[in-house]
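Residue numbers (the working numbering), protein chains in the order written: chain A, 5 to 279; chain B, 1202 to 1451; chain C, 61 to 320.
The hints are simulated quantities; they were obtained by calculation from the structure and are not laboratory data. Mixed in with the good hints, there may be bad ones.
In silico DMTMM-like pairs for lysine to aspartate or glutamate, Cα to Cα no more than 25 angstroms straight-line [what the hints assert, rightly or not]: (1) A:Lys267 / A:Asp28; (2) C:Lys115 / B:Glu1441; (3) B:Lys1381 / B:Glu1221; (4) C:Lys115 / C:Glu104; (5) C:Lys115 / B:Asp1401; (6) B:Lys1381 / B:Glu1441; (7) C:Lys176 / C:Glu131; (8) C:Lys176 / B:Glu1360; (9) B:Lys1381 / C:Glu165; (10) A:Lys267 / A:Glu46; (11) C:Lys115 / C:Glu247; (12) B:Lys1381 / C:Asp287; (13) C:Lys176 / B:Glu1441; (14) C:Lys176 / B:Glu1343; (15) B:Lys1381 / C:Glu131; (16) C:Lys115 / C:Glu131; (17) A:Lys267 / A:Glu252; (18) A:Lys267 / A:Glu173; (19) C:Lys176 / B:Asp1401; (20) C:Lys176 / C:Glu162; (21) C:Lys176 / C:Glu165; (22) C:Lys115 / C:Asp287.
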Amino acid sequence: MGVAAMGPHASLRGVTRIYPAVEDHSAVHALGPVDLDLRPGEFFSVVGPSGCGKSTLLDVLAGLAPASAGTIAFEGRTVAGQVPEGIGVVFQEDASFPWLTVWDNAAFALRRAAMSESVVRERVDHALSFIGLADFSSAYPAQLSGGMRQRLCIARTLVTRPRLLLLDEPFGALDQQTRLLMGDELLRIWRETGATIFLITHALDEAAMLSDRVGVMSARPGHLIEIVETHWPRDRDSTIVSRPEFGEVTGRLWERLRGESLKALELTGARRGGR
Amino acid sequence: MSRAGIIRLLVVAVALFGLEVACRAGLIDPITIIPPSAMTAGAWNLLVSGRYTQDILLTLGSVGLAAVLGIVGGFGLGYALFRLPRLRRALDPLLASYYAIPTFIFYPLFIVLFGLNRLPLVAIGFIFAVVAMAINTLTGFERVPPVLRRTARALRLTEPATLVQITMPACAPYLLTGAKLVIAYSFIGVIAGEFVLSGDGVGHQIAFAYNNFDNPTMYGLMLLLIGFVSAFNMLLFAWERRFYRRRGLT
Amino acid sequence: MTVTLDKPARIRPRLPHSVGLDRLLLFLAVLLFWQALTWIAGPEVITSPFATVRKLAAIITASDFGGHASETGRAFAAALIISLMGGLVVGLVLGSRRLAGEVAEPLLVALYSIPKITLYPVILLLFGLGVSAKIAFGAIHGIIPVALFAMNAVRNIRGVHVRAARAMRLTPFQIATYVLVPATLPEIVAGFRVGFALTLLGTLIGEMFASQRGIGYMLIQAMETNDTGTIMALALLLVTIATAASWALLRFDPSLHKQH
Chain A
5 MGVAAMGPHA
15 SLRGVTRIYP
25 AVEDHSAVHA
35 LGPVDLDLRP
45 GEFFSVVGPS
55 GCGKSTLLDV
65 LAGLAPASAG
75 TIAFEGRTVA
85 GQVPEGIGVV
95 FQEDASFPWL
105 TVWDNAAFAL
115 RRAAMSESVV
125 RERVDHALSF
135 IGLADFSSAY
145 PAQLSGGMRQ
155 RLCIARTLVT
165 RPRLLLLDEP
175 FGALDQQTRL
185 LMGDELLRIW
195 RETGATIFLI
205 THALDEAAML
215 SDRVGVMSAR
225 PGHLIEIVET
235 HWPRDRDSTI
245 VSRPEFGEVT
255 GRLWERLRGE
265 SLKALELTGA
275 RRGGR
Chain B
1202 MSRAGIIRLL
1212 VVAVALFGLE
1222 VACRAGLIDP
1232 ITIIPPSAMT
1242 AGAWNLLVSG
1252 RYTQDILLTL
1262 GSVGLAAVLG
1272 IVGGFGLGYA
1282 LFRLPRLRRA
1292 LDPLLASYYA
1302 IPTFIFYPLF
1312 IVLFGLNRLP
1322 LVAIGFIFAV
1332 VAMAINTLTG
1342 FERVPPVLRR
1352 TARALRLTEP
1362 ATLVQITMPA
1372 CAPYLLTGAK
1382 LVIAYSFIGV
1392 IAGEFVLSGD
1402 GVGHQIAFAY
1412 NNFDNPTMYG
1422 LMLLLIGFVS
1432 AFNMLLFAWE
1442 RRFYRRRGLT
Chain C
61 MTVTLDKPAR
71 IRPRLPHSVG
81 LDRLLLFLAV
91 LLFWQALTWI
101 AGPEVITSPF
111 ATVRKLAAII
121 TASDFGGHAS
131 ETGRAFAAAL
141 IISLMGGLVV
151 GLVLGSRRLA
161 GEVAEPLLVA
171 LYSIPKITLY
181 PVILLLFGLG
191 VSAKIAFGAI
201 HGIIPVALFA
211 MNAVRNIRGV
221 HVRAARAMRL
231 TPFQIATYVL
241 VPATLPEIVA
251 GFRVGFALTL
261 LGTLIGEMFA
271 SQRGIGYMLI
281 QAMETNDTGT
291 IMALALLLVT
301 IATAASWALL
311 RFDPSLHKQH
């Protein structure tokens, strides 16, 4: 079920985001300029120091935030103002609705799109068992652990069958071992849906293990300073962390990233100092 | 001053000015409302003439006593509820409906219990205020992060030391909010009592002036009362906000 | 291969049945305390629980009670609509428009902390003696807390929920209906509980000062003739009504229990 597209699945050209000046502070050049092409069906991660604009990049790509300059295209059409059909987003914080059960949460987007109940039921049941939450269908999010809630958010997005899946540090709040296992889950989803995946993470090992390509962003204003190709086989899982090539990839990433991280640290220090 | 503060000042100024103009122009019957400037003049005259000093002091004294008792009693009650969660759960629905009762209806009871003096008024102020303090104290204790208690144990602090050095400072913002409410409710309780069945105090004088169509005195006294309470509240509010902000609570 | 991850670490149990038992025990303890007070202070000062209930029954079955009750009821209903709906609208607007909220909140808090007692003469002068004064009394007591609660509810909407809804391509109307309303409901209901109690209080006070009919009027009569039995009977009636309403509002959304 792959995407048979001729050019890149999504592309950004000269994308910049500048937050205008307000009362207390001057304009913030948060991102860009960024040029990037996403290949259809690839797993692409972005790593970068704090504050470099990774989340802003995802928001702009999804159509959740406007670009101050540059163009974004998805499946050949320009993205502007609203989220295009075919894109799914999983956020960093837990976005599950506490007033709905797990099942109703997963069904939410489909119901709002007025799909017939039989289609909804079929897709939600499939997604929940796929992701391992079928036993908790009638529980409320407050009764689940953090990892399970994130899986619920992923399931909620999966039922809409996105062709491009954007994830903003989805496993940030989880412990290392859970993250490795969740990474395996994500790879499984990727293989079985054939979607293009765009993942933002601050964890180098996660990016290295999961991706076909990893983009390294500079300190703010963030732009891509390098894209590292991993050449992993498609049927990989978390056991590749034991391979020597894995060490090389993470080493290369840190080599490029270290200087930028130091810069970012100094930036935040200068902002906070004098309080 | 922030933009919001300036707008606020303008809104209040325009409202007062509008009222002043409406009164002076005869749009509003002076039997109902007199111009703000006349109110202020009346208030000033009252203060200066000294005719009501006795009443003012009586009222403030009763309010103060009720407030002190309310803070202490409310704190104790709140702490007890914190330590007895079963009691707390059982009381929950009652706490919400407590403020539906006009507590000053028990004024005659208190007169019989305490005699024809200021004590019944203090009692009313107290019972009106104590529950608000208890609820805020309870919330404060509940919101002390568990990690602080664990830190106290790791440092081998005794129970009393933990309470004084860690728990109380952690609760302080909530206790301050509770104290603010106590003061407001003590005022309301005492003055309501004075309105209804008392022979002295500011509340009584306001009711007396109302019954005698003596608007300047009535509004003057009301303005003094409102002015005092507002000034007090603004001080506390500003202090409270600094407290909250410094600790990252909003 | 399906990877089974975290077992449910904490499925929270339902409220233990002992809460009902505890409330019963508390109720009995209160009764005992009340009876003890009666013995200590004498039945002229505090009537016993039994005598109070009997008195209340006598009051309710008296021929004129229906008139008083409906008088109070009608004024209260009108005041309640004003304070709940008015407060809700004001709160929603101020919560969603940041500058307006910032300007208005300290004003609202300041207005709220003025002892409303001091405004009673003004209300009487503005509305005269009668039903509109009572409704005004009731409304001014309840409207500001409801507004503050509603405002807070809107401000506490988690941004990620709105972003998730936009990512799911919901229309603004859908976002309002399916995300904003459920997210703010618990706190708005809490505000309604407080508003209910305070509006009742305000209406009663209005009746005490501005009317010749109604339960508030009955109260002030009892106070002036030192009729302890009636005072306590009516207080009992009020507590019961307010508690029942508060409890009913809590049950309104059953999943509120499970959510937190």
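Do the hints match the structure? See the list:
1. Simply put, Lys267 (chain A) and Asp28 (chain A) have alpha-carbon atoms about 24 angstroms apart, close enough for the 25 angstroms limit, and the pair holds.
2. With a CA separation close to 47 angstroms, the supplied pair Lys115 (chain C) and Glu1441 (chain B) exceeds the 25 angstroms bound.
3. For a cut-off of 25 angstroms, the pair hint linking Lys1381 (chain B) to Glu1221 (chain B) is broken: about 32 angstroms separates their Cα positions.
4. Restraint check for Lys115 (chain C) and Glu104 (chain C): the C-alpha separation of about 13 angstroms stays at or below 25 angstroms, so the hint holds.
5. For the hint pairing Lys115 (chain C) with Asp1401 (chain B), the CA-to-CA distance comes to about 33 angstroms; that exceeds 25 angstroms, so the pair is violated.
6. Taking the CA atoms of Lys1381 (chain B) and Glu1441 (chain B), the gap is about 9 angstroms. The hint holds against a cut of 25 angstroms.
7. For the hint linking Lys176 (chain C) to Glu131 (chain C), the alpha-carbon distance of about 23 angstroms falls within 25 angstroms, and the restraint holds.
8. For the suggested pair Lys176 (chain C) and Glu1360 (chain B), the alpha carbons sit about 42 angstroms apart, so the restraint of at most 25 angstroms is broken.
9. Proposed proximity of Lys1381 (chain B) and Glu165 (chain C) is supported: the alpha carbons are some 17 angstroms apart, at most 25 angstroms.
10. The suggested pairing of Lys267 (chain A) with Glu46 (chain A) is violated, with an alpha-carbon distance near 30 angstroms, which exceeds 25 angstroms.
11. Using a Cα cut-off of 25 angstroms, the hinted pair Lys115 (chain C) and Glu247 (chain C) is violated, with the two alpha carbons roughly 38 angstroms apart.
12. Between the alpha carbons of Lys1381 (chain B) and Asp287 (chain C) the distance comes to roughly 35 angstroms, so the proposed pair goes past 25 angstroms and is violated.
13. The straight-line distance between the Cα atoms of Lys176 (chain C) and Glu1441 (chain B) is roughly 23 angstroms, inside the 25 angstroms bound, and the hint therefore holds.
14. Simply put, Lys176 (chain C) and Glu1343 (chain B) have alpha-carbon atoms about 31 angstroms apart, too far for the 25 angstroms limit, and the pair is violated.
15. A distance of roughly 36 angstroms separates the Cα atoms of Lys1381 (chain B) and Glu131 (chain C); the hinted pair therefore is violated under the 25 angstroms criterion.
16. About 21 angstroms separates the Cα atoms of Lys115 (chain C) and Glu131 (chain C), which keeps this hinted pair within 25 angstroms; it holds.
17. Under the criterion of a C-alpha separation no larger than 25 angstroms, the hint pairing Lys267 (chain A) with Glu252 (chain A) is consistent with the structure, at around 24 angstroms.
18. A distance of roughly 21 angstroms separates the Cα atoms of Lys267 (chain A) and Glu173 (chain A); the hinted pair therefore holds under the 25 angstroms criterion.
19. A distance of roughly 20 angstroms separates the Cα atoms of Lys176 (chain C) and Asp1401 (chain B); the hinted pair therefore holds under the 25 angstroms criterion.
20. Restraint check for Lys176 (chain C) and Glu162 (chain C): satisfied, since their Cα atoms lie roughly 23 angstroms apart, inside the 25 angstroms limit.
21. Proximity of Lys176 (chain C) to Glu165 (chain C) is assessed by CA-CA distance (about 18 angstroms); at most 25 angstroms being required, the pair is judged to hold.
22. Proximity of Lys115 (chain C) to Asp287 (chain C) is assessed by CA-CA distance (about 11 angstroms); at most 25 angstroms being required, the pair is judged to hold.
When each numbered hint is compared with the structure, violations occur for hints 2, 3, 5, 8, 10, 11, 12, 14 and 15.
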